[in-house]
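One letter stands for each residue in the lines below.
2 protein chains.
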Amino acid sequence: MDLTINSDRLSGRLAELSEIGRVGETGVCRLALSEEYKDGMQLVRKWMDEAGLETRFDNFGNLIGRLEGKNQGQPAVMLGSHIDSQPSGGRFDGTIGVLGALEAVQTMRENGIQPEVPVEVVSFCDEEGHRFGVGLFGSRGILGSLEPGELERADEDGVTRREALTDFGADPGKLQESEYDTRKISSYIEMHIEQGPNLQEQDEPIGIVSGIAGPRWLTVTLTGTSGHAGTVPMPMRKDALTGAAEIITAFNSIVQTEAGAPTVGTVGDLKVYPGGRSIIPEKVEFTIDLRDSDLARRDEYEQQLREAVKDISEKHGLRHDISDDGGTTPKEASREIMDIMSEESRTMNLTPPVLMSGAFHDASHMADACGMGMIFVRSKDGISHHPDEYSNDEDIAIGTELLYKTMLRLVERTS
Amino acid sequence: MDLTINSDRLSGRLAELSEIGRVGETGVCRLALSEEYKDGMQLVRKWMDEAGLETRFDNFGNLIGRLEGKNQGQPAVMLGSHIDSQPSGGRFDGTIGVLGALEAVQTMRENGIQPEVPVEVVSFCDEEGHRFGVGLFGSRGILGSLEPGELERADEDGVTRREALTDFGADPGKLQESEYDTRKISSYIEMHIEQGPNLQEQDEPIGIVSGIAGPRWLTVTLTGTSGHAGTVPMPMRKDALTGAAEIITAFNSIVQTEAGAPTVGTVGDLKVYPGGRSIIPEKVEFTIDLRDSDLARRDEYEQQLREAVKDISEKHGLRHDISDDGGTTPKEASREIMDIMSEESRTMNLTPPVLMSGAFHDASHMADACGMGMIFVRSKDGISHHPDEYSNDEDIAIGTELLYKTMLRLVERTS
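Those protein sequence lines, which keep their order, are chains A and U. Residue numbers for the first sequence follow this note's numbering, so the first one is 54 and each next one is one higher. Residue numbers for the second sequence follow this note's numbering, so the first one is 54 and each next one is one higher.
If you are wondering where the hints come from, they were derived from the structure by calculation, not from laboratory data. None of the values given here were measured: they were computed from a predicted structure. Heads up, some of the hints might be wrong.
In this list, chains with the same sequence are indistinguishable; a pair is considered to hold if it fits within one copy or across any two.
Once the Cα atoms are required to be at most 25 Å apart in a straight line, the calculated BS3-like pairs of lysine-lysine come out as [claimed, not checked]:
hint: 1; residue 1: K336; residue 2: K324
hint: 2; residue 1: K227; residue 2: K91
hint: 3; residue 1: K433; residue 2: K368
hint: 4; residue 1: K433; residue 2: K336
Kindly produce the complete structure, drawing on both the sequences and the hints.
As structure tokens, this is what we get:
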């Protein structure tokens with residue numbers, strides 16, 4: 054494929070950045086605000102400077118590179134992602150979005166195109182959330198959406214986020230100065246690895262994201278009666294685990310009611326009390342993670358699950374409790390941006406599938422502030438958060454080309 | 054009911070013994086070979102002495118009280134159970150069998166009956182097995198059925214069984230001297246609380262045990278593929294927990310194929326790996342406890358379970374492994390002793406239900422050596438191994454009366 058962007062430069066930078074915090078042959082450990090993170094962010098800043106962007110770190114630990122448009126007062130088109138990783142992460146998650154965005158803007162400058170409106174490339178701080186237990190820090194930060202007490206959360210060595218930010222060079226006492234007036238952002242575009250197997254399955258290099266699923270989190274507790282596994286006849290038992298097993302099976306069916314729908318439902322953890330080979334389980338606790346891009350369907354399935362919990366508990370003589378562990382509403386991508394992506398894909402002789410994102414991204418919160426668009430790049434075997442995470446250079450280049458073309462369309466428009 | 058045995062003496066002794074190691078109002082902690090155990094055994098020995106039995110401790114920590122018969126060389130009729138308890142046990146488990154046996158023999162003496170054959174009352178050491186992790190020690194000991202290394206097993210304070218036996222006054226270097234020639238025992242009768250809810254359910258004070266179920270122990274491990282709970286579409290998942298749930302449901306049906314059969318099947322413990330709310334379970338391990346008095350039926354159900362594990366694993370794309378954790382064969386009560394118990398019950402205007410024992414007892418191993426019989430006494434709500442364990446004095450007295458009458462029939466017979 055003929056590409057406008059410089060795919061060699063892009064893949065060279067990806068390789069170079071992957072050396073910072075490298076673990077083994079292919080892994081990366083670049084926890085937010087760590088030394089490796091700082092080194093990585095400095096390298097990206099150097100590349101941004103070379104590309105002619107005006108760069109700065111803000112007080113959330115974000116790196117921002119700005120290119121002024123012909124109309125300086127106009128809202129900016131923002132492109133970005135993150136370069137922090139999980140402790141045993143891969144080289145592509147987040148990183149391709151930051152370096153792809155830089156490549157797109159650099160290509161535009163090299164081609165002598167001056168945008169009508171400003172363009173910003175953002176490398177957001179602590180998307181992953183491993184170190185302090187809560188992620189999407191930088192993107193929530195610029196939108197004024199942090200929770201009380203977040204700065205006091207400590208990592209496993211007892212270092213608080215406040216201390217880590219200070220050590221990074223940010224001033225956590227002046228966060229408000231780094232918040233954005235959302236009227237100053239018109240749109241946010243993020244390229245990211247899919248972290249799922251759909252594109253590989255469909256043999257497509259890239260996809261267009263329709264929205265980010267909103268997870269619904271619950272914990273179900275069933276309580277029956279313990280007893281000796283040898284002495285209590287089956288018809289007299291109130292076994293919490295046999296009840297849980299039927300509920301898990303029912304939940305698995307409920308979320309697959311509509312063939313082809315993107316709904317996913319997971320029981321990721323389950324604990325049995327007291328948990329002995331010869332003791333009838335008295336209590337079982339298990340988690341529910343239910344995600345959908347369609348909130349009405351998610352609500353309907355949650356209701357069906359609640360009915361199944363009630364009916365199956367009654368059948369087994371169990372008490373049940375469902376605790377509400379929160380969740381978020383699904384976020385929709387901008388229809389307009391999706392249409393631009395589709396049109397530009399056709400000029401590249403591509404018809405990217407339209408996909409839901411089951412995982413969160415910095416785009417999740419940006420969607421509350423402006424038009425949001427995402428491009429997914431094929432992930433080998435859907436693996437992420439693991440050294441085996443892999444997307445090939447060609448697919449990343451194709452995604453970056455579409456990011457470039459989409460950006461060009463957006464920066465032509467003044468409000 | 055008119056009773057031959059002295060029910061006031063019996064209930065008085067039960068109350069007095071329950072003070073040794075008492076915890077709270079109704080609980081008992083009398084771990085094998087502990088100080089409380091020693092005090093309890095000394096008290097029982099004193100009562101045996103008062104009843105005119107010839108008493109001794111053996112090298113397994115058992116207490117044996119013997120009454121000679123007219124024919125001293127004849128095999129003995131043995132009655133017994135245990136007085137050690139679980140850490141938070143009750144007052145009745147085991148104890149009623151020892152004190153009931155003593156009451157039966159003492160009544161016989163007081164009525165001037167000299168048996169044709171010797172009678173022995175045994176208070177077996179460490180039936181419960183909590184302290185050193187393996188129970189039925191004394192009854193296995195006298196039959197020469199200990200496993201290699203049992204004397205070196207340590208309790209949580211690092212005290213080995215060998216040390217505890219020595220401290221108790223036994224000589225663990227001379228165990229063989231305490232083994233029985235099984236030709237010297239004709240039959241073994243044990244009265245025990247039911248530890249299950251059947252007699253309460255049927256409103257009967259006592260039951261006749263048909264056999265002791267043999268448990269079959271397995272551990273099932275299912276291995277699928279982990280993944281992000283948001284990004285892997287349902288049809289592409291290999292979720293070990295959804296497979297396990299279906300197997301547990303299938304197992305629960307299999308063991309209930311024959312309505313009214315005593316088969317019981319329990320999944321008492323289950324662990325999920327890695328066990329996070331938003332991670333598809335990669336591996337699940339769960340235990341199987343399958344018990345039946347009918348070995349052929351138990352084998353058939355085990356086979357059906359193995360097929361279900363295979364089929365359901367294949368359906369979900371999971372690898373499966375079934376590890377064999379052993380078990381024992383079911384033990385049958387002596388038909389002749391059961392018949393005697395039924396006949397004697399009729400003279401008491403009782404028709405005790407015939408029950409399987411789902412739990413082990415000292416009788417389990419004695420059944421290998423001689424004719425075995427057991428009488429169950431109604432347990433309130435089927436509770437045992439808990440301070441709430443309760444059987445009322447009247448039911449215990451009725452059970453002891455049947456024990457007495459059964460013993461009288463057995464001691465009349467010479468071989």
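Hint-by-hint comparison with the structure:
no., hint, result
1, K336 x K324, "both (8 Å within a copy, 14 Å between copies)"
2, K227 x K91, "within (20 Å within a copy, 72 Å between copies)"
3, K433 x K368, "between (44 Å within a copy, 24 Å between copies)"
4, K433 x K336, "between (40 Å within a copy, 22 Å between copies)"
The structure shown violates none of the earlier numbered hints.
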